[in-house]
Amino acid sequence: MGEIFRLGLVLMLVAVVAAVALGIVNGKTAPIIALQKEQEKQDAMRLVAMGLVEADSMRFDSLVVEGMQNPYASVDEELRVVKVSVPPDTSVAGYIFIAYGKGYSSTIQTMVAVDPEGTVAGTKILYQQETPGLGANVTDPSKLTAAFIGRSADEILLRKDGGDIDAMTGCTITSRAVTVSVRKGLQAMAEAGLFRGTGDTDSGEVREGGVE
Amino acid sequence: MSLAKDLTNGIFRENPIFKLALGMCPFLAVTTSVENALGMGAAATFVLICSNFLVSLLRNLIPSKVRIPCYIVIIATFVTLVDMVMNAYLPELHRSLGIFIPLIVVNCIILGRAEGFANRHPVLNSVADAVGMGIGFTLAMVILATFRELLGSGTWLNMNVLGRNYANQPLLIAILAPGAFILLGFILGVFNILEKRRGGAK
Amino acid sequence: MTGSNLILTLTMAAPGGSGTGFDVGRMMAIIIAAIFVNNYVLSRFLGICPFLGVSKQLDSAVGMGAAVIFVMTLATLGSWTVYNLLLVPMGLTYLRTIAFILIIASLVQLVEMILQKFSPVLYQALGIFLPLITTNCAILGVAVLNIDEKYSLGYSLVNAVAAGIGFTLALVLMAGLRQRLELADVPPALRGKPIAFLVAGIMSIAFLGFAGLGG
Chain A
42 MGEIFRLGLV
52 LMLVAVVAAV
62 ALGIVNGKTA
72 PIIALQKEQE
82 KQDAMRLVAM
92 GLVEADSMRF
102 DSLVVEGMQN
112 PYASVDEELR
122 VVKVSVPPDT
132 SVAGYIFIAY
142 GKGYSSTIQT
152 MVAVDPEGTV
162 AGTKILYQQE
172 TPGLGANVTD
182 PSKLTAAFIG
192 RSADEILLRK
202 DGGDIDAMTG
212 CTITSRAVTV
222 SVRKGLQAMA
232 EAGLFRGTGD
242 TDSGEVREGG
252 VE
Chain B
490 MSLAKDLTNG
500 IFRENPIFKL
510 ALGMCPFLAV
520 TTSVENALGM
530 GAAATFVLIC
540 SNFLVSLLRN
550 LIPSKVRIPC
560 YIVIIATFVT
570 LVDMVMNAYL
580 PELHRSLGIF
590 IPLIVVNCII
600 LGRAEGFANR
610 HPVLNSVADA
620 VGMGIGFTLA
630 MVILATFREL
640 LGSGTWLNMN
650 VLGRNYANQP
660 LLIAILAPGA
670 FILLGFILGV
680 FNILEKRRGG
690 AK
Chain C
30 MTGSNLILTL
40 TMAAPGGSGT
50 GFDVGRMMAI
60 IIAAIFVNNY
70 VLSRFLGICP
80 FLGVSKQLDS
90 AVGMGAAVIF
100 VMTLATLGSW
110 TVYNLLLVPM
120 GLTYLRTIAF
130 ILIIASLVQL
140 VEMILQKFSP
150 VLYQALGIFL
160 PLITTNCAIL
170 GVAVLNIDEK
180 YSLGYSLVNA
190 VAAGIGFTLA
200 LVLMAGLRQR
210 LELADVPPAL
220 RGKPIAFLVA
230 GIMSIAFLGF
240 AGLGG
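Protein chains in written order, with this note's numbering: chain A, 42 to 253; chain B, 490 to 691; chain C, 30 to 244.
Note that these hints are calculated values from the structure, not bench results.
Backbone N, C-alpha and C define an ideal beta-carbon position, used for all residues, glycine too.
Honestly, I wouldn't trust all of these hints.
Unchecked claim - Derived EDC-like pairs (lysine to aspartate or glutamate); straight-line CA-CA distance at most 16 Å: (1) Lys-165/A - Asp-84/A; (2) Lys-222/C - Glu-684/B; (3) Lys-82/A - Glu-684/B; (4) Lys-554/B - Glu-44/A.
As the list claims (entries may be wrong) - To give a feel for the contact side, a few chain C residues facing chain B, derived at Cβ under 8 Å: (5) Asp-52; (6) Tyr-152; (7) Cys-166; (8) Val-173; (9) Lys-222; (10) Ser-233.
Chain A on its own, in the form it takes in the complex (with noise of 0.2 Å):
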């Protein structure tokens, strides 16, 4: 019985020593990669929202939409909108939200700026773990999501799925996921009455009042 407490002595020892160091680290690296992760997410809002505005300061308020439903509830996220403005002005100069779609290896997320009439301004791909030189591609904004811009909702489609939005060769999988991802989002914030009424979704009722 001594011998079986001892072991145990030095093996939590040693455990503990270790939960210890690591501890002291992880508060140390903690807040840098909460800090980078923040200044990753800010940098992408700003990029995407130059297709939106060009202003050198530009302000995000996350809104809390009532009533919009989730189209990311398949792969366990939620649709995000947030609201660009301009600083003294507090109208809306579009929003921003991520797209989660699953693609062939990982879930996308897509960052999509849309202008208030419900037309995707600007895009980046945030996270993929696609196949390196094929689905990965998608990063670059020429293989497919440059398409997206200046199209709403409806117009948003994959040539092989009836739109006329060519996917990357070999990578159907993936560009619909991104496609669908980015389809999906627009419609839910349209039938939730985010966007003037421009006559891209069935849901023609305006509530712009409903916003904030």
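Assemble chains B and C onto chain A, guided by the hints.
Then chains B and C, alone, in the frame of chain A:
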């Protein structure tokens, strides 16, 4: 003198990949580009050096009955350390290595060297062995990654080598999963021939 | 039937899942992805060491596969529970790697002791493979991927079993091919490991053909 021997041992004579066939999983998975290979090599080498150092230092204190769990905890601690530091300072690399950073824990090279070398040798030799093994592992990864990146995307360390025309229509399979297996098979074949030659010359 | 459905609903409703409930379509997608599209061995490169080491004979390949499915499922159960019920509430998620590898290592020990004591037949069949499993990165890989993909407990278990089946499938196919290769005339330089990798490469090409299934 024997220190130098311990150092070079892992690079050639007992190269973990070409000779011992250890640590195959990260080896095949992250060699899609030279950059990833170097990143994984650096991370694994760091963990290898630290764990060999500590295991050798504590080799007389840890009761042999619980040594394996202790080694695993030591290795996992350093791996988590690398994971955090890389996430904080090299987020791009952290993202592209993905799940293979936590998986350094089960890289057989590291536990293998702790159990097979460090627990029986003095600290300095163990560190030399770790450096050698780390370099050998990294070198092997860079060799495979060079072939895969050159053939699969026409670049080397993200620099365009084979020209625009090739980069637009590369031999994609090299960068996909089958390319890793097939190219490694051929590299090992060449390695066998070279070794037979050297053996014959002696 | 109702009994098994009840269990599924219970596990799906466990904490961690965001209340999306149980979805047969998604479950099928996970199964097909883990076995074929993203086969853990041939496409994700997890568990290569046993894949090469234990694929010389069909019998041992089947034994190893069974042991992996068994341990993988238990390890997922353990790691998911510890992560979501212990590490997350206590804000210790950075201890994930250490916790998981310890769970797997002690689980393997435990399974070995229990089998030895209560089921000598099963121990005879699986025993020699168990120690090898601790360093099988597919086990830790599945545990980590389940967390990264934010699967609920039910989906995690489905994924674990399917990943184990995918591993076994690759292993058994490989063993069959290697038994044939014994009789083939392979160039001397390629004998042994090189030809095994070439065969694995060709199998991997075949598995690429599954791309698009259950996407």
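Hint-by-hint comparison with the structure:
Between Lys-165/A and Asp-84/A the alpha-carbon distance is near 11 Å, which keeps this suggested pair within the 16 Å criterion. Distance restraint check for Lys-222/C and Glu-684/B: the Cα-Cα separation of roughly 15 Å lies within the 16 Å cut-off, and the hinted pair is therefore satisfied. As the CA atoms of Lys-82/A and Glu-684/B are separated by approximately 52 Å, the hinted pair breaks the 16 Å bound. Among the hinted pairs, Lys-554/B with Glu-44/A is consistent with the structure: their alpha-carbon atoms are about 10 Å apart, no more than 16 Å.
Hint status for Asp-52/C: violated, given a least beta-carbon distance of 25 Å to chain B, over 8 Å. A least Cβ separation of about 20 Å between Tyr-152/C and chain B goes past the 8 Å threshold, and the interface hint is therefore violated. This hint holds: Cys-166/C has a C-beta 4 Å from the nearest C-beta of chain B, less than the 8 Å allowed. The restraint placing Val-173/C at the interface with chain B holds, with a minimum CB-CB distance near 5 Å, inside the 8 Å limit.
Using the Cβ-Cβ criterion of 8 Å, the hint placing Lys-222/C at the interface with chain B is satisfied: the shortest such distance is roughly 5 Å. Evaluation of the Ser-233/C hint against chain B yields a held restraint, the C-beta minimum of about 4 Å falling below 8 Å.
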